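Protein chains in written order, with my numbering: chain A, 29 to 232; chain B, 62 to 126.
Be aware that one or more of the hints could be misleading.
As the list claims (entries may be wrong) - EDC-like mimics (lysine to aspartate or glutamate), calculated; alpha carbons at most 20 Å apart, straight line:
1) B:67 <-> A:137
2) A:91 <-> A:60
3) B:79 <-> A:60
4) A:91 <-> A:128
5) A:150 <-> A:42
6) A:186 <-> A:113
7) B:79 <-> A:64
8) B:79 <-> A:137
9) B:68 <-> A:64
10) B:68 <-> A:193
11) A:91 <-> A:75
Said to hold, decoys possible - Derived DEER-like restraints, expressed as beta-carbon distance ranges:
12) B:92 <-> A:100: 34 to 44 Å
13) A:70 <-> B:69: 25 to 35 Å
14) B:91 <-> A:93: 18 to 28 Å
15) A:111 <-> B:67: 13 to 23 Å
16) A:136 <-> B:73: 46 to 56 Å
17) A:113 <-> B:72: 19 to 29 Å
18) A:62 <-> B:88: 44 to 54 Å
19) B:66 <-> A:189: 41 to 51 Å
20) B:66 <-> A:126: 19 to 29 Å
21) A:113 <-> B:73: 19 to 29 Å
FYI, nobody ran anything at the bench for these hints, they're computed from the structure. Keep in mind that this is a model prediction, so the values were computed, not measured. Even for Gly, the Cβ is constructed at its ideal location relative to N, Cα and C.
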Amino acid sequence: MTNADVAPIEIAEEDALRADMYDFIASLLRTEPSDELIAQVALLQGDKTPIGSACLTLAHLAKTIDNGLIRNEYVSLFIGVGRGEILPFASYYLTGFLNDKPLANLRSDMSAIGIRRAEGVKEPEDHIASLFDMMSGLIRGRFGRRFSIAEQATFFRKHIEPWADLLMRDIEAAKTVVFFAPVGTIGRAFLEIESQAFSMDGTG
Amino acid sequence: MEDTNKKDAVAGRRDFLKGSAVSVAAVGVAAVAGKSASAGEVEVVSGSGYRETEHVKAFYASARF
């Protein structure tokens, strides 16, 4: 980030929790999890709700599966030899092709927000982790100003809602999945909560 | 009238989120996010609006956009 000069914006407690969830899921889907990240996942607590019980499962897996195997699983799921089992990009899910119109639309919206892909990031911007980073940034006001719930809803409905639920289901049901299955479950449950909450805002 | 409806809707949304799994289920998610390798995949364009740097131009050229 190059915006250290931007003063932090105070946000409501429930919005901070939403941003935390986006950051959490993005951190697990962005790249092969580090030892540090896996150690932290092992400390997750939960309860009987779908997200809470998936967190408990995930913590258990983080404690019991070898870290190298977790990273291998990430590679075979999302990177693969040639390609992984799952291509977590909006354009691919919406059109069947990478780098197609949905990516161009996203770039245009990113430009209007005033953000661009960070230097050194190689994946196209419509990667799920990247989109979740953007949602978190909009919620936290990290992009220079506070974005209203209506603006967050517009971004979510355009770039995430049409495909991310299917992606999370694909992760849960993938052939080679163990560790990442509860990540898909958490993602799916969280997206459902987001969809419902946005529909309650009275903005449409 | 419309303002009242909107206020109700906002309160409803807040209550829904506070009562949802997000607020109670997962203790420790923020700590996980803090251990992530990258602080984020996007960065704010310095100044106002979009600035097409050499880096971005090179990328667009390579991506044939």
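Hint-by-hint comparison with the structure:
1. B:67 <-> A:137: violated (26 Å)
2. A:91 <-> A:60: Holds, at roughly 16 Å.
3. B:79 <-> A:60: violated (32 Å)
4. A:91 <-> A:128: Roughly 39 Å between the alpha carbons, so the hint for residue 91 (chain A) and residue 128 (chain A) is violated.
5. A:150 <-> A:42: Given that 20 Å is the threshold and the Cα spacing comes to 32 Å, the pair is violated.
6. A:186 <-> A:113: This hinted pair is violated, its Cα atoms lying about 25 Å apart.
7. B:79 <-> A:64: Violated. Residue 79 (chain B) to residue 64 (chain A) sits at ~30 Å, over the 20 Å cutoff.
8. B:79 <-> A:137: This hinted pair is violated, its Cα atoms lying about 30 Å apart.
9. B:68 <-> A:64: Not satisfied, since the Cα-Cα distance of roughly 43 Å exceeds 20 Å.
10. B:68 <-> A:193: Roughly 29 Å separates the two Cα atoms, so the pair is violated.
11. A:91 <-> A:75: holds (18 Å)
12. B:92 <-> A:100: 34 to 44 Å: violated (25 Å)
13. A:70 <-> B:69: 25 to 35 Å: violated (42 Å)
14. B:91 <-> A:93: 18 to 28 Å: Since the Cβ atoms of residue 91 (chain B) and residue 93 (chain A) sit about 23 Å apart, the hinted range of 18 to 28 Å holds.
15. A:111 <-> B:67: 13 to 23 Å: violated (46 Å)
16. A:136 <-> B:73: 46 to 56 Å: violated (33 Å)
17. A:113 <-> B:72: 19 to 29 Å: violated (43 Å)
18. A:62 <-> B:88: 44 to 54 Å: violated (21 Å)
19. B:66 <-> A:189: 41 to 51 Å: violated (24 Å)
20. B:66 <-> A:126: 19 to 29 Å: Cβ of residue 66 (chain B) to Cβ of residue 126 (chain A): about 43 Å, so the range 19 to 29 Å is violated.
21. A:113 <-> B:73: 19 to 29 Å: Taking Cβ atoms as reference, residue 113 (chain A) and residue 73 (chain B) lie about 40 Å apart, which means the hint is violated.
Comparing the model with each numbered hint stated earlier shows that hints 1, 3, 4, 5, 6, 7, 8, 9, 10, 12, 13, 15, 16, 17, 18, 19, 20, 21 do not hold.
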